[in-house]
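Asker: Chains as they are written, first to last, in UniProt numbering: chain A, 1 to 446; chain B, 1 to 446.
Since the hints were derived computationally from the structure, they do not count as laboratory data. Model, not experiment: these values are computed from the prediction. Heads up, none of these hints are tricks.
One copy or any two copies: either way a pair holds, since identical chains are not told apart in the list.
Below are the DSS-like pairs computed for lysine-lysine, each with C-alpha atoms no more than 25 Å apart in a straight line:
1. K317 with K284
2. K60 with K72
3. K166 with K203
4. K263 with K305
5. K26 with K284
6. K166 with K114
7. K251 with K398
8. K172 with K114
9. K280 with K26
10. K77 with K280
11. K80 with K284
12. K384 with K274
13. K280 with K80
14. K100 with K77
15. K317 with K26
Number of protein chains: 2
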Amino acid sequence: MVGLPARGKSLIAGKVKRYLRWTSVKAEVFNVGKYRRTDNPHPDANFFDVNNTEGEKARKAAAEAAVADMLKWFQDKDNKVAILDATNSTKSRRKWIYDKIVEANLLHLFVESKCDDEDLIMSNILEVKTTSPDYVGQDPEEAAKDFRDRIRNYEKVYQTIDESEKNLTYVKIINIGARVVINLIQDYLQSRLVYYLTNLHIKPRSIWLSRHGESEFNLSGQIGGDANLSERGQRYAKMLPDLVKRSGLPKDAPLTIWTSTLKRTSQTAQHLQKELGWEKLQWKALDELDSGMCDGMTYQEIAEKFPEDFQARDDDKYNYRYRGGESYRDVVIRLEPIIMELERSENIIIITHQAIVRCIFAYFMEIPQEKSPWMEVPLHTLMKLTPKAYGTEVERFKADIPAVSTWRPKGSTAKHHDSISEGTPEDVVGEVKKVGAAANAQASEK
Amino acid sequence: MVGLPARGKSLIAGKVKRYLRWTSVKAEVFNVGKYRRTDNPHPDANFFDVNNTEGEKARKAAAEAAVADMLKWFQDKDNKVAILDATNSTKSRRKWIYDKIVEANLLHLFVESKCDDEDLIMSNILEVKTTSPDYVGQDPEEAAKDFRDRIRNYEKVYQTIDESEKNLTYVKIINIGARVVINLIQDYLQSRLVYYLTNLHIKPRSIWLSRHGESEFNLSGQIGGDANLSERGQRYAKMLPDLVKRSGLPKDAPLTIWTSTLKRTSQTAQHLQKELGWEKLQWKALDELDSGMCDGMTYQEIAEKFPEDFQARDDDKYNYRYRGGESYRDVVIRLEPIIMELERSENIIIITHQAIVRCIFAYFMEIPQEKSPWMEVPLHTLMKLTPKAYGTEVERFKADIPAVSTWRPKGSTAKHHDSISEGTPEDVVGEVKKVGAAANAQASEK
Chain A
1 MVGLPARGKS LIAGKVKRYL RWTSVKAEVF NVGKYRRTDN PHPDANFFDV
51 NNTEGEKARK AAAEAAVADM LKWFQDKDNK VAILDATNST KSRRKWIYDK
101 IVEANLLHLF VESKCDDEDL IMSNILEVKT TSPDYVGQDP EEAAKDFRDR
151 IRNYEKVYQT IDESEKNLTY VKIINIGARV VINLIQDYLQ SRLVYYLTNL
201 HIKPRSIWLS RHGESEFNLS GQIGGDANLS ERGQRYAKML PDLVKRSGLP
251 KDAPLTIWTS TLKRTSQTAQ HLQKELGWEK LQWKALDELD SGMCDGMTYQ
301 EIAEKFPEDF QARDDDKYNY RYRGGESYRD VVIRLEPIIM ELERSENIII
351 ITHQAIVRCI FAYFMEIPQE KSPWMEVPLH TLMKLTPKAY GTEVERFKAD
401 IPAVSTWRPK GSTAKHHDSI SEGTPEDVVG EVKKVGAAAN AQASEK
Chain B
1 MVGLPARGKS LIAGKVKRYL RWTSVKAEVF NVGKYRRTDN PHPDANFFDV
51 NNTEGEKARK AAAEAAVADM LKWFQDKDNK VAILDATNST KSRRKWIYDK
101 IVEANLLHLF VESKCDDEDL IMSNILEVKT TSPDYVGQDP EEAAKDFRDR
151 IRNYEKVYQT IDESEKNLTY VKIINIGARV VINLIQDYLQ SRLVYYLTNL
201 HIKPRSIWLS RHGESEFNLS GQIGGDANLS ERGQRYAKML PDLVKRSGLP
251 KDAPLTIWTS TLKRTSQTAQ HLQKELGWEK LQWKALDELD SGMCDGMTYQ
301 EIAEKFPEDF QARDDDKYNY RYRGGESYRD VVIRLEPIIM ELERSENIII
351 ITHQAIVRCI FAYFMEIPQE KSPWMEVPLH TLMKLTPKAY GTEVERFKAD
401 IPAVSTWRPK GSTAKHHDSI SEGTPEDVVG EVKKVGAAAN AQASEK
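Generate the whole structure from the sequences, applying the supplied hints.
Answerer: Written out as structure tokens, the structure reads:
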């Protein structure tokens, strides 16, 4: 990373790490600020003054420790992308890093975030003063003032990447993507990262996520298929416009509805479309995980007919691929364009299926692959995800309409068809859970 | 398009048009040179001199006619992307186009190709002098000289897009992607186009394309499934390394093998991998079109069991989606990442399935959607596609190993299981067919 403080470097680093891990690329962030803080937990702006040789020495030592750990991390050949999260704001610092990387026979990609939009910088400063470990327990006004002084100290020596560094592979993101300069991209992963980075924006928005209403196959405990909604599923569809409204809609910004191509999602979206006049898009990529030869069967039947497969799926649900069908890993690959378009888009409501909700949720909340396929996603429950600077906020809104539970814990065949959740009155609309995907990831600059 | 002559503008315009049409986005190229040629079929370099007011007037008239036609074309709301292929090499010309576009309430994206690599320019000039309609019937040496003079005339007035035009949405491609500047990208289609453009390269390479060897399902006339190769299919797999070698391999550049996740493609690739030591990659996205509920059936059985579906598929094969399965349209969407990686890659051999070969071939050869699903792709035949400046060259290499024909013409159920092609001795290795996808599309600048 390259850039002045409060330019969203840690935000970008965190998102890239999360995206890569979701696509099974092992990635890690090395935050130089964290290394620096072991010796200097609460430095003031003077620490970052160019003329402060003491501070300069400490900051260089932190960078060296982070880079050393990063290179050690690469000794494990499974580890693919390390992100060095620091200002790296001078040509000489970048030359030093470049030499280290070339020496270690690794590829590099400098990602500079350059921003002179005062509003963006201020909102970033406000975020930092409330969350940075550098300012824990300090007066927020004082912290903000000190942080602005720190930025000014960096500005004195800051050198943006320019023509004189044209041998570097880099992407320079100016004012959060208003302008992007890409130089000497060589491999496919770099190209995908650049595409991802150019799709990011930081406008406030939310993503609503729901499974379709209860279907006739849910009632009979069958998986797959293209069944209609049950009577209770239809009630959920009718209630959905109200549920979405009560979850808090943005002013003057209509939602776009995305569904799969299967009837139960279209039927669930129909009243949203009719009553609220929102545009609807069907995506084949949002169809349920393809269960191949098991399509239309109950878990009981699968366990009887394909006992080995059933066991194999329990042992490694993320990688298990149904005969002639898909694995969770396959689903994530076909969801990548969805994630790209989600990153570009503003307010979207997605009506889709259990496995798909799990994968999309795993992307936003950084749920590891061994857990995400087992996540409980109850029917008749709307989730609202709101991306924040250092994590995603989740709110759940449960409709008071009972539905079968389709959640099958490891080793069981039973849950799917005999457990009816009664929609307890406690589960009222507006139950709010906030989960920060990377709530502790915030850390300011070296 | 923006750029001096011989910077690959028409090549880029043609590729973008082909890519968009393949993804069902209606696109058209408006080449200003063509309009200019109606009055001035064979102008010499003087015509393009800035001081030639006569020439300047004629060139402006051609641009006006092209833009007028382009705007008229947009009156059909299905038409989405028009590419104005001309030098548009001055700020004032771009301002004029921008105003026209804004007035018509359309979005714009300027694509500048800037190139100062003399080798690239010279190879482009050599291409042009042999193919440009401006120089038909003229001495090639004379033509090349005149063309260089024409470029010099353009250079006198050429203004690259710079800071003063920062209100424009543009992508500036410098030396074929060594450096790319992206400005003010707003919508998803623009973003996808930019991603596509940044993946293009013009290094010489080929793509080899083959179906798997004959499978046991091919013998029994069943579709889908995950069958093993037949005895004849295994013979094809054994012969493949030799067949590829005889097709002409690049020096010192190993091929990468891409297969689907199905056994019949892996088995077909096994000797390539073992004998030649090439790396193999499995792609779920290369799996055969999913025939859903019809998986494992013969066409005869489908016609009997689902007569209406069978008819619907014949009526519109591109859009027909098998119950619980896929359409050709669905397959194209999942193949998009494959095409992106193919554009970035150099020499690749793809062992895949009938419908997938059809879709990939359709991309390279610009086969329209109503034709591509009916294309005959015989078993035991290797295709070599070599992208050239104005089209793709195809060579076919037929192995002398008989196989069933799996080609089913419209309205028939029979072909699949009772017709055995005997592999006539005339069908020898090295049968060469050259087909230019856009052989007539070449046209030089206004």
